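A.B. asks: Construct the entire structure; sequences and hints are all you get.
Protein chains: 2
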Amino acid sequence: MVTPRVGMVGGGQLARMTYQAAIPFGVTLRVLAERADDGAALVGGDVEIGSHTDLEALRRFASGCDVVTFDHELAPPELLTQLEAEGHVLRPSPAAMRFAQDKLWQRDRFGALGLPVPAHARVATVEEVEAFARANGGWPTVMKAARGGYDGRGVWAVRSPEEAAAVLAEGARGGLTLFAEATVDLEREVAVLIARRPGGQSVVYPVVETVQENGMCRELVAPAPIDPVVAAHARNIAERISDAIDVTGIMAVELFVARGGVVLVNEIATRPHNSGHHTIEGCVTSQFENHLRGVLDWPLGSTAAMAPAVVTVNVVGGPSGGDPRANLPAALAIPGVHVHLYGKGPRPGRKLGHVTALGADAGEVRERADRAAAILVGEPA
Amino acid sequence: MVTPRVGMVGGGQLARMTYQAAIPFGVTLRVLAERADDGAALVGGDVEIGSHTDLEALRRFASGCDVVTFDHELAPPELLTQLEAEGHVLRPSPAAMRFAQDKLWQRDRFGALGLPVPAHARVATVEEVEAFARANGGWPTVMKAARGGYDGRGVWAVRSPEEAAAVLAEGARGGLTLFAEATVDLEREVAVLIARRPGGQSVVYPVVETVQENGMCRELVAPAPIDPVVAAHARNIAERISDAIDVTGIMAVELFVARGGVVLVNEIATRPHNSGHHTIEGCVTSQFENHLRGVLDWPLGSTAAMAPAVVTVNVVGGPSGGDPRANLPAALAIPGVHVHLYGKGPRPGRKLGHVTALGADAGEVRERADRAAAILVGEPA
Numbered sequence: 001m002v003t004p005r006v007g008m009v010g011g012g013q014l015a016r017m018t019y020q021a022a023i024p025f026g027v028t029l030r031v032l033a034e035r036a037d038d039g040a041a042l043v044g045g046d047v048e049i050g051s052h053t054d055l056e057a058l059r060r061f062a063s064g065c066d067v068v069t070f071d072h073e074l075a076p077p078e079l080l081t082q083l084e085a086e087g088h089v090l091r092p093s094p095a096a097m098r099f100a101q102d103k104l105w106q107r108d109r110f111g112a113l114g115l116p117v118p119a120h121a122r123v124a125t126v127e128e129v130e131a132f133a134r135a136n137g138g139w140p141t142v143m144k145a146a147r148g149g150y151d152g153r154g155v156w157a158v159r160s161p162e163e164a165a166a167v168l169a170e171g172a173r174g175g176l177t178l179f180a181e182a183t184v185d186l187e188r189e190v191a192v193l194i195a196r197r198p199g200g201q202s203v204v205y206p207v208v209e210t211v212q213e214n215g216m217c218r219e220l221v222a223p224a225p226i227d228p229v230v231a232a233h234a235r236n237i238a239e240r241i242s243d244a245i246d247v248t249g250i251m252a253v254e255l256f257v258a259r260g261g262v263v264l265v266n267e268i269a270t271r272p273h274n275s276g277h278h279t280i281e282g283c284v285t286s287q288f289e290n291h292l293r294g295v296l297d298w299p300l301g302s303t304a305a306m307a308p309a310v311v312t313v314n315v316v317g318g319p320s321g322g323d324p325r326a327n328l329p330a331a332l333a334i335p336g337v338h339v340h341l342y343g344k345g346p347r348p349g350r351k352l353g354h355v356t357a358l359g360a361d362a363g364e365v366r367e368r369a370d371r372a373a374a375i376l377v378g379e380p381a
Numbered sequence: 001m002v003t004p005r006v007g008m009v010g011g012g013q014l015a016r017m018t019y020q021a022a023i024p025f026g027v028t029l030r031v032l033a034e035r036a037d038d039g040a041a042l043v044g045g046d047v048e049i050g051s052h053t054d055l056e057a058l059r060r061f062a063s064g065c066d067v068v069t070f071d072h073e074l075a076p077p078e079l080l081t082q083l084e085a086e087g088h089v090l091r092p093s094p095a096a097m098r099f100a101q102d103k104l105w106q107r108d109r110f111g112a113l114g115l116p117v118p119a120h121a122r123v124a125t126v127e128e129v130e131a132f133a134r135a136n137g138g139w140p141t142v143m144k145a146a147r148g149g150y151d152g153r154g155v156w157a158v159r160s161p162e163e164a165a166a167v168l169a170e171g172a173r174g175g176l177t178l179f180a181e182a183t184v185d186l187e188r189e190v191a192v193l194i195a196r197r198p199g200g201q202s203v204v205y206p207v208v209e210t211v212q213e214n215g216m217c218r219e220l221v222a223p224a225p226i227d228p229v230v231a232a233h234a235r236n237i238a239e240r241i242s243d244a245i246d247v248t249g250i251m252a253v254e255l256f257v258a259r260g261g262v263v264l265v266n267e268i269a270t271r272p273h274n275s276g277h278h279t280i281e282g283c284v285t286s287q288f289e290n291h292l293r294g295v296l297d298w299p300l301g302s303t304a305a306m307a308p309a310v311v312t313v314n315v316v317g318g319p320s321g322g323d324p325r326a327n328l329p330a331a332l333a334i335p336g337v338h339v340h341l342y343g344k345g346p347r348p349g350r351k352l353g354h355v356t357a358l359g360a361d362a363g364e365v366r367e368r369a370d371r372a373a374a375i376l377v378g379e380p381a
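Chains V and A, in that order, are what the protein sequence lines are. Numbered per the working numbering, the first sequence spans residues 1 to 381. Numbered per the working numbering, the second sequence spans residues 1 to 381.
Derived by calculation from the structure, the hints in this document are not laboratory data. Bear in mind that the values here come from a model prediction, so they are computed numbers and not experimental data. Take the hints with a grain of salt, since some may be wrong.
One copy or any two copies: either way a pair holds, since identical chains are not told apart in the list.
Below are the SDA-like pairs computed for lysine to any residue, each with C-alpha atoms no more than 25 Å apart in a straight line [claimed, not checked]:
1) K351 <-> R5
2) K351 <-> F256
3) K351 <-> W298
4) K351 <-> P4
5) K351 <-> T3
6) K351 <-> A85
7) K351 <-> R197
8) K351 <-> I334
9) K351 <-> D108
10) K351 <-> G138
11) K351 <-> R259
12) K351 <-> V2
13) K351 <-> R60
14) K351 <-> A166
15) K351 <-> A135
16) K351 <-> G148
C.D. replies: Okay, here's the thing in structure tokens:
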């Protein structure tokens, strides 16, 4: 083979955008999708339908690939470990992915490595939650599921022992491991993307602010409007984590910036991530291209910004059910916006796409991106 | 259908890059490719194999599309006219494409419209060529085939009646219509891209210099290093042509800039074109995206430059047969270069891809792009 065969487990929008980034390299990304109408399956020429929870499907898929990488962290760790033991090349490795799959394990390990993490403790009883709350500033306290949460799922702010009991009961029903976490007096949330090769070479992207709404990232502002010292600290944390877990490809580190500038690690993702969509037009090399370069052990591309201000606004299905595919021409009338649709039908709360704008002034840029995103879901301001 | 079905006749690299540009719009570009290993067929999920010279294949393909557009001008005009008569929507129209298909017709019509074209005359005998040469500065004179030439094919510089006779004999064997054209005292060649909607709205790209080598474009330098008055004139010519022929989608106008600043129309292409590859990273909106927006009658995107200097170098197969797919990682070690491979095996003189670099200084940018292109074909300087 002149060209390596890269396979991505999962056929969502991250695989879709990675597929797009692979075309100029002459690399045909193979995709293991659950359904033929998954975002990446709609655009890819080399799609296998199968589940990431089925060892046989994973094995068959991996056999046709030189390198296997991931669109999500949902494949069971034991299956990934099995594939690796059978000689398949998984990048990132199951060991690195575990940090994204298990938040409690991540918190414990990162804490042990001296990385700044919020105060936290595993909890199984109301008494344990009460004790944790008492020791960490009182109610409300945060409860989280160690595994499986995203976009606000698996996270609860509890205001009383009664609310804690309800979450514990829900956790018990779902077989979840839960932990309590101190409420952070948030100034803002930021994220740092880093791309890394197997040998350890890496490139770090400028810090981006992630504006959350109901636990879901709604907006990215690059560069994040924070003190350069805080930004340098955040980038340094990302580098330390990437080396500590020996990640390959893109890793996203989501961080809390507490009032006063204290930076704490929130979550990590060991794959292209929603907090890096602005890099497609906003940086010299997109996160998707650098993910491919990283997992292929190729030289990484520049992460420099293409404009003084870059804003990405997620297009999230609204209550009116407006369809971005139908509203696309109207949105394109706004000057200089880059629209990315994921090939999904509209549904309230569903991520359907994103819009990126570049310019000299963050306020002006954000206004354009916001306006286009609102038009796309049929709810112009 | 929420999303219009766009079909492109021809499966080469232009269709491949248009396919890539269609993904963020949720538009799945359908491709009519001649072979399963054509550049676009390798990456597309919706490929029909068939010939652009087969009316049945064209008809079947067009039936599955809301809009049909083109990766080349090689489909016979009479077949396109037939499809249009049957009610299929062809953008550009066969009438507009004729200007790209027949150079002599183009010269005559443009001349009649008052557009600046080189002196020319249809020739069928040596006496006619001699008379033309005498009236237009003597030998050498240029002879061209009205149809079918590209990348230097179908163009001859003849230095004597004997050479003219040889070209006439070759033309007679091939059933070609030939014309003679005055040799232009070239300062440089430039190109102007314009994107246009059916209603006439259009956007013009900054003028780019096209550096030719053996009749093939080897390098693009944007903006072209020419007098702003000459550049404005070139852009105005492109606008006049686009309105005169009522083109839809991208049109490229290749122009001669003669010493003294006189601008003459050379050729036009009524589709995305090699002279616009720098727009992928070098402009806010790529030619491929604006081609789609134009043929879909959607608002057109900004053509503004992303950097003070943008250079694209074509990757053309060299004598050593070096394979860009194998040399890609080495080329990516050069900072800030964007490599696009077309999925083709190497062959001397074959266009295998291109490299674009952006920066503040054209010399520095060109050096990086040249170096990456040389590494790709295994012939580093």
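A.B. asks: For each hint, tell me whether it holds in the structure or not.
C.D. replies: A quick look at each hint next to the structure:
Taking identical chains as interchangeable, the C-alpha atoms of K351 and R5 lie at most 25 Å apart only when they sit on different chains, with a minimum of 23 Å there against 29 Å within one chain. In this assembly of identical chains, K351 and F256 lie within 25 Å of each other by CA distance solely inside one copy; the values are 23 Å within and 49 Å between copies. In this assembly of identical chains, K351 and W298 lie within 25 Å of each other by CA distance solely across copies; the values are 24 Å between and 31 Å within a copy. Proximity of K351 to P4 under the C-alpha cut-off of 25 Å is restricted to the inter-copy arrangement: shortest distance 22 Å between copies versus 31 Å within a copy.
Taking the shortest Cα distances, K351 and T3 sit within 25 Å of each other only across copies (18 Å), while inside one copy they are farther apart (33 Å). Taking the closest pair of Cα atoms, K351 and A85 never come within 25 Å of each other, the shortest separation being 36 Å inside a single copy and 43 Å across copies. Neither within a single protomer nor between protomers do K351 and R197 lie at most 25 Å apart by alpha-carbon distance, with minima of 30 Å and 31 Å respectively. In this assembly of identical chains, K351 and I334 lie within 25 Å of each other by CA distance solely inside one copy; the values are 21 Å within and 36 Å between copies.
Taking the closest pair of Cα atoms, K351 and D108 never come within 25 Å of each other, the shortest separation being 31 Å inside a single copy and 54 Å across copies. With identical chains, the CA atoms of K351 and G138 are never at most 25 Å apart, being 35 Å at best within one copy and 68 Å at best between copies. In the homo-oligomer, the alpha carbons of K351 and R259 never lie at most 25 Å apart, since the shortest distance is 30 Å inside one protomer and 56 Å across protomers. For a Cα distance limit of 25 Å, the shortest separation of K351 from V2 across copies, 18 Å, qualifies, whereas the shortest one inside one copy, 37 Å, does not.
When the C-alpha separation of K351 and R60 is checked against a cutoff of 25 Å, the pair qualifies neither within a copy, at 30 Å, nor between copies, at 36 Å. For the homomeric pair K351 and A166, neither the shortest alpha-carbon distance inside one copy (29 Å) nor that between copies (65 Å) is at most 25 Å. In this homomeric assembly, K351 and A135 never come within 25 Å of each other (Cα to Cα): the closest approach is 38 Å inside a single copy and 68 Å across copies. Proximity of K351 and G148 under a CA criterion of 25 Å is satisfied intra-copy only: 18 Å inside one chain copy versus 48 Å between copies.
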